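**Student:** Spelled out from the first residue to the last, the chains are:
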Amino acid sequence: MNEQSLNRLISIIMLVLSLIILVPFLIMLVTSFKTMGEVLAPNFTFIPKQWAFFNYIEAMTTGNWGRYFFNSFFITAVAVVVSLIINSVAGFAFARLEFKGRDLLFFISLIGLMVPQQVTMIPVFLILKHVPLAGGNDLFGQGGMGWVDSYMGLIIPYIAGSFGVFLFRQFYLNFPKSLDDAARIDGLTSLKTYLYIYLPLSKPVLATLIVLKTTSTWNEYTWPLIITVSDKMKTVQLALTLFRDETNVQWTLMMAATTLIVLPLLIIFLTLQKYFVEGIVTTGIKG
Amino acid sequence: MILPFYLFFTVFVIIPIIVNIGLSFTNYNLDQMSFIGVKNYLNLMTDRFFWVSLKNTAIYTFFTLIFTMTLGLLLAIVLNRKLTGLKFFRTSFYLPNVTSMVAVSMVWLWLYEPSHGIVNQALGWFGIGGRQWLFDVNTALGSIIVMSIWKYTGYYMVVFLAGLQGIPGYLYEAVTVDGANGFQKFIHITLPMLTPVTFFLLVTGIINNFNVFEQVNVMTGGGPMNATTTIVHQIYSRAFFDFLMGYAASLSVVLLLIVLVLTTLNFKYSNQGADLDIG
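Just so you know, the protein sequences line up as chains A and B, in that order.
Be aware that the first sequence starts at 1, since it is given in the working numbering, and climbs by one per residue.
Be aware that the second sequence starts at 1, since it is given in the working numbering, and climbs by one per residue.
Bound conformation, chain B alone (with noise of 0.2 Å):
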């Protein structure tokens, strides 16, 4: 019964793993292919735009993951309480995350639009000169990273509200007895309690981030002058612009082995790895 589950997941996910690693030590190039043994990873090292897009691509990560984390977990919090409103609040800072990338893309494309978008509108009503975003190398990715802040903060905010709601009630009512005021039960009971959920959260949340591409091939195309090309750009370029396919492969094997030493780290460092059921 797991046999056509098993064929799809082995034709298109185990096989795939493999052959890429394979066609990472090729020069293949959709018409010819020959074992060129490390040589693509040696090429690598050396190749300026493969370390732009691993900086930009780590910038990108951490800061998205960084603000969408803590606001999501304060979004969590204040949305715990009984508040008038509470359904229409959750709704709508869930809502970008239902809307697709691509769509969200074109409507930040718009806000951010130099002459008449209504960010420099905006800000021109408090007398702030505008700024062309997307095309200043300066700005292009700070502003994929509030577009992607706003995109996402709903969906680390669904889930730290369902760590808060697993928190049993009596153990705030246990300290407050004992006194505590608000501050100190977040830090001795919220905090404690919420961390197999963060930890969780920090390692999807890094895998995710770590393959940023959909926002970045609609709205920039990786430019203004790199300032925005990421890993996965990078990957989708060489491979289906340049038909370099086995260098491709190569940095989709630098990929997947950042992806792998950060959730291992992860597991390792934050002894929280038994608590925590993937499934």
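Bound-form chain A, shown alone (with noise of 0.2 Å):
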């Protein structure tokens, strides 16, 4: 077998094997067109024969859904610009300053990338519960919800990870000298330097984080589900195991709204796709 022949053999494997991986987001789009009826009969069609693009009306109409979706867009929205703006400013000066101890802070800082969220998702909650006086907390905070249930809650924690930083520095440090020379000559301070000079030069690294961190604040499921209590602070990836009790489950609008949340992140993968890549071949680590 020659090479071109078996490049083609090959080929056609792989089709069938990414087609394999499709079937379930394939079952989760038609499902979503499906009636309940043709849903729960016994014989599997896989195109619906009836089109029930009302599936789609009723979902978003069950429950506060334009809340949901505000909610997610509104802390996946903060909490990129925040980290962004502080990671940047953290990796540049981690990078290009000289200062005292620096060394040690970034090694402590690279605890953040050992230890999971998942260690101290309590801790968290207790800090934010006992902020003084925020939600009904006297100056010691005792007495009342602190931050939990609130925006504040939701989007601060977000924002503490260090792996942005690690991303920011690493990009920096490729820069030359002479350009802090070059900087200094012409009197900019370091914030000036930063703002001025390595800000803009930072879009593929600022891109790629934007991708990231979009895609891991709207994904997030555990800190939503610890940090909420009331239906009207819930984002999307809680409010979808609203269509599920215990007797029953309305799976076409499941379905409907699941594609709902999975779609912007699709739209967004399937634009910027070098982006995403580029972030995990850079550092290995997921956003």
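Hints listed in this document are in silico derivations from the structure and should not be mistaken for laboratory results.
Quick look at which bits of chain B chain A covers, simulated, 3 or more residues with Cβ under 8 Å:
id : region
1  : 19-28
2  : 112-120
Chain A is faced by these chain B residues, among others (derived, beta-carbon under 8 Å):
id : residue
3  : L83
4  : T84
5  : S92
6  : F93
7  : V102
8  : V107
9  : W108
10 : V218
11 : I235
12 : A248
13 : S252
Predicted, not measured: the structure shown is a model, and the values here were computed from it.
We put the CB at the ideal spot given by N, CA and C, even for glycine.
Dock the two chains into a complex; use the hints.
**Tutor:** Listed below in structure tokens is the structure:
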């Protein structure tokens, strides 16, 4: 067998494999367009007999879906913007400025990559519950709910991660030293050097981090599950479980809602694939 | 300039680690707290749920990691060739990784559904009887593992692909001149050159898989008969259902220790730590 026909054979095998990988997505999509009657019919058909577009309307009008989507968008947007600013500034400082204890502080922030969020979720919850003078708390953080069940509580823990700092630091380390010298001769302060020289050159890292951070925040389930109490603070990921109770699952509505939640990210992924892969390749770590 | 980052980092990462260790020596239940020494840890030793969750987590991590890494490597090697449709293949294998674990769990709940789910229907076409995948003590954990392999393989593929593309071509040319065949090239060049990447994936993979929670909580809630409960699931339910914050904290300390020990062992015995740039 020559190289060309071997490649063709491999292509066919890969095609079959990737279609198998895509089956769950296809099932999700077709189920979202079926009527419940057809879903429960004994014989499985791939293409819906009648297209039940109303599943989408019904799914989105069950519960507070407008609010859930707003919550998820808002939390994601704020977490991404704030953490990007904080991370790039810190990354710049770690890479380009010399100050006392820099290496030790950087080494300590390595811990942020090693210790999983699941280990610290109880104390983080307790700290947020006891924020002084918030959510009915007194000066000593007692008596009320603190930032539990609030946007502050939902957003703030996402900002603490050190992943972005590493990415920016790695990136800035590659810049030539002469760049800093030139800036200093022009009389720029460190903050201005960062703002006018480094930040405009950071577009690739910014794009990568925006993509990874958006994905991880939008997809987060555990933290909202812990920190929210009321229905109006739920995110879309939490709301997905609403179509299911002990006795009954509304599969068609659930698949319609799932499709709507997955769709924004799939579109972002398909248009910005390069940045997803770049972040993973440069660090090997999921945002 | 690092102050804003360090403020958040200290309050929400460093202090929680310390608070967590402190809490694990108390019986804090949101109302009252008193120091009880190592009592939580002694209770852990006789807690059946803890041992079951430890066993389940270990089984889950072992099988998920073995399969995702092996399949990821195989796919990466195949997709490192010049094939037609390359981009489509890479995209489809990576797609599950982009979607949220909750969404994926919902879809797989439907696939595994006993009477109308596609898994049992497809088995029926071959005359094989269906099963109650997620409600059967013998298959529930395995079903979650299969789903996780489906979700994560693409990630390992992408990292291995990056590793493969970092191997300089002249190494292959050199052994081709010496008459090495494809298999020999794989054993003598590809595998050794991939060791740092493999090691890195192994360490991070253990940490990530040991924290399995979302799919368990959504799909089975730890059931049936605790067949799928994991360490993080135990931490979650002890802390936020039973409000045994101190006891749950001691569970997280155990999780932290396990992760640290496994990571250190890996660094020590693979001698690859020096080559690895974690940043």
